[in-house]
Structures are given as C-alpha cells and as structure tokens.
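Take the sequence shown: its position 40, counting from 1, is numbered 1291 in the numbering used here, and each next residue is one higher.
Derived by calculation from the structure, the hints in this document are not laboratory data.
For glycine and all other residues, C-beta sits at the position ideal for the given N, C-alpha and C.
There may be inaccurate statements among the hints.
Each pair of labels, with its calculated beta carbon distance range [said to hold, decoys possible]:
no.	residue 1	residue 2	range
1	I1285	K1259	17 to 25 Å
2	G1278	S1436	27 to 35 Å
3	G1330	N1547	17 to 25 Å
4	Q1426	I1289	37 to 45 Å
5	F1343	Q1562	40 to 48 Å
6	E1406	T1533	38 to 46 Å
7	I1289	P1378	42 to 50 Å
8	E1321	Y1593	36 to 44 Å
Subject to a maximum C-alpha distance of 27 Å in a straight line, what follows is the list of computed DSS-like cross-link-like pairs (lysine-lysine) [said to hold, decoys possible]:
no.	residue 1	residue 2
9	K1569	K1599
10	K1553	K1531
11	K1531	K1280
12	K1553	K1507
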Amino acid sequence: MGTELALKDLLLKVLETGASDLHLSAGEKPSVRIEGQISSLGQMPVLSSDEIRALCYSLLSEKQQALFEENKNLDFSFGVKNLARFRVNLFFQKAQVGAVMRTIPHVIPDQSLLGLPLSINSLVNIPSGLVLISGPTGSGKSTTIATLIDKINKEQAKHIVTVEDPIEFYHFSQQSIVTQREVGSDVDDFSSALKYALRQDPDVCLIGELRDLETVEMGLRLAETGHLVFSTIHAGSAVDSLIRLIDSFPSNAQNKVRTQLSFVLKAVVNQQLVIDVSGKNTMATEMLFMNDGIKNLLRENKLHQIYSLMQLGQTETKMHTMNQSLLRLVQRGKLDMQRALYYSPNKKELQSLLLKAVA
1252 MGTELALKDL
1262 LLKVLETGAS
1272 DLHLSAGEKP
1282 SVRIEGQISS
1292 LGQMPVLSSD
1302 EIRALCYSLL
1312 SEKQQALFEE
1322 NKNLDFSFGV
1332 KNLARFRVNL
1342 FFQKAQVGAV
1352 MRTIPHVIPD
1362 QSLLGLPLSI
1372 NSLVNIPSGL
1382 VLISGPTGSG
1392 KSTTIATLID
1402 KINKEQAKHI
1412 VTVEDPIEFY
1422 HFSQQSIVTQ
1432 REVGSDVDDF
1442 SSALKYALRQ
1452 DPDVCLIGEL
1462 RDLETVEMGL
1472 RLAETGHLVF
1482 STIHAGSAVD
1492 SLIRLIDSFP
1502 SNAQNKVRTQ
1512 LSFVLKAVVN
1522 QQLVIDVSGK
1532 NTMATEMLFM
1542 NDGIKNLLRE
1552 NKLHQIYSLM
1562 QLGQTETKMH
1572 TMNQSLLRLV
1582 QRGKLDMQRA
1592 LYYSPNKKEL
1602 QSLLLKAVA
C-alpha cells in the first residue's frame, strides 16, 4: 500500500471516531483523543519511527524536511480533499520520530454551536485595537478566532490579513478581501510578515499567536496605528493573559507597556473546554471588556483588582468570570456541581455562588 493511501486510510479512521487528535509514537499503535480521553485506534498495527517519518514526509516539501531535520520540530497543516484539514506537530522523542495531528473541520463551525456568549459578536465591530483570545492548549482558541474572522468576512467590506503558523482554517474572500500568509511557506517569520502587513492596506489583522517579544511589539504597533488585531495567548485567565503579555517585556519597559495596553487593548476572551454530563465537550468562558476602571488599574499596576470589576460588570458591560460561566452551565443542566468545581479556578468562590443559586 502506498504511503499516501495508507495515511488517508488512517485519517479516515480518525474522522470516523470523531477524534480531535491523532498521536503517532514509535513502537506504539496510533492513539486518538475523543472527548478528552486518549485510547488506541481500533485494530491498527504498531508503527516504527521510519513508518511515521514516511507517512509525514509524504506531506512535506524538501525544504520542510530539511527544516525538521535541523530543528527537530516542525508545525505544518494539510488537507485531505472532501475530508478535513489537519494541524501537525512533528517532533523527535527518544531519538525517534513522533507526530500529533489535530483535526480541523473544512467548514468553519457555526458560532452558536460552540457555546460562546453572544457578547463576543460585539468584538467584530470594534474599529481598532487589540483583542486577545486566551486559554490552555486545545481549548479552541483558533476556532473562536476563525468564527470572528468569518463573521467580518461575511458582513463587512474590509481587507483581512492573517499571519499563521500554520494556517488552520481557510477563509475565502466574501464581502471582505482575505490575505492569508503561512510562516515557513509564505514568509520567514511572524515579525517580517507583520512588518509588511503594515504596507498591505489592512483593516483587520490576525496574528496566530503572540509567541515572543518582537511579535507582541508588532501586534501593539498594528493596534496603535488604527487596525483591529486579533491574536491568541496561552494563559489560564483573562487577568493572567495581561500579566503574561506584560511579563514578555523587560522590567524597565513594563510601565510603558501597561500604559500602551490601557489604550489599545479592547477585550480578552479566556476559554476552556469542559466535559459536560453527557460526555461531550462544551465551552466555559471568561470575558473582560476594557472600561475606564480597568484601564486605570492596568496603568497603576493593580492587576489583581481587575477580577473584582469583572465580577460586577455583567449587566453593564457583559463581562463575566470563569466561575460565573461554570455556574450558568450548572443552572442549564450541562454540568453537575462536582464537574463544575473540578474545572473552577477558585473552588471556594464557586461553592459560594452555587449555594446562593440554590438558596
């Protein structure tokens, strides 16, 4: 059986199970993650390092193969016609080749099916500034941003420029013009792509991830110069997202950055996927919208006080905390109390909210 055909057969089995991820490790059978749990993929044979390399190299250009051999890691994406797209991390472990492939639907999911709050739709109408989507790995950050870009593309006449590593969802120009650039194949690095993005007459920019100081600086510059910028960051809460962004700068620059963020940051959406009572993934979120109070706390380096304003901001600004989101999932019957407490960042606070709700 040819390598390409063997890989397609393997991916068909992955899609049939509804798995989110495929794990390939030398000396082991292929494994999949389904609704958060990892298990072996049916009656599949044990794969060697050479077999995994052959499967993955069938997807790579010579340049990508050379990069992988040099750097020992490679991110890329690919599509199987009429099936799905996959985001791949190829790596070495114990001197052998391994890979993890995440499934990406061909069609951008309907926002209503993701469990996102309706208030997130207001983000697409912000004229300029920075919007952050944060959360742990595998929490659906890329999917959330894809739905926002898709909404702008369908409803507004804009030029949208994306810089991704790799491209996950393809956007085809509708009301907007969409330019998508992939690091490694279309441009060498994020900072170069963002520098040139300023010369491409963009209205909206998507930066796949704020990975390093140079990318953060360019993202802030784009937001300051009248563009709407969406990006992701790995963080456990909305406030942690701010802390992580600020901490990416040297200590002698952080006061300036806090002031800069108080002007350009518009919102932070923090999210996590939780397993509901039926065993399915559902979304729990935290929403921070900038207002005068939060701007002042940011400038004064009183980030620990921002959470209190988020707790009180539900009616006025549609802000909410992760615990408030978990409480709503319990009230809707999506989570039981034990599950909600398991996912809570502050179990004592959530217990208090749950007791008040049933009193």
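Hint by hint, here is what the structure shows:
A hinted range of 17 to 25 Å holds for the C-beta pair I1285 and K1259, which are about 20 Å apart. About 32 Å separates the C-beta atoms of G1278 and S1436, a value consistent with the hinted range of 27 to 35 Å. For G1330 paired with N1547, a C-beta distance near 47 Å fails the hint of 17 to 25 Å. At about 41 Å, the beta-carbon gap between Q1426 and I1289 stays in the expected band of 37 to 45 Å.
As the Cβ distance of F1343 to Q1562 is approximately 46 Å, the hint placing it in 40 to 48 Å holds. Judged by the Cβ atoms, the range 38 to 46 Å given for E1406 and T1533 is violated: they are separated by roughly 26 Å. Roughly 44 Å separates the CB atoms of I1289 and P1378, a value that falls within the hinted 42 to 50 Å. Roughly 42 Å separates the CB atoms of E1321 and Y1593, a value that falls within the hinted 36 to 44 Å.
With a C-alpha separation of about 23 Å, the suggested pairing of K1569 with K1599 holds against the 27 Å cut-off. For the proposed pair K1553 and K1531, the alpha carbon gap of about 38 Å is over 27 Å, so the pair is violated. For the hint pairing K1531 with K1280, the CA-to-CA distance comes to about 25 Å; that is within 27 Å, so the pair holds. Distance check on the hinted pair: K1553 and K1507 sit about 15 Å apart at the alpha-carbon level, within 27 Å; holds.
Of the hints listed earlier, those the structure fails to meet are numbers 3, 6, 10, in rising order.
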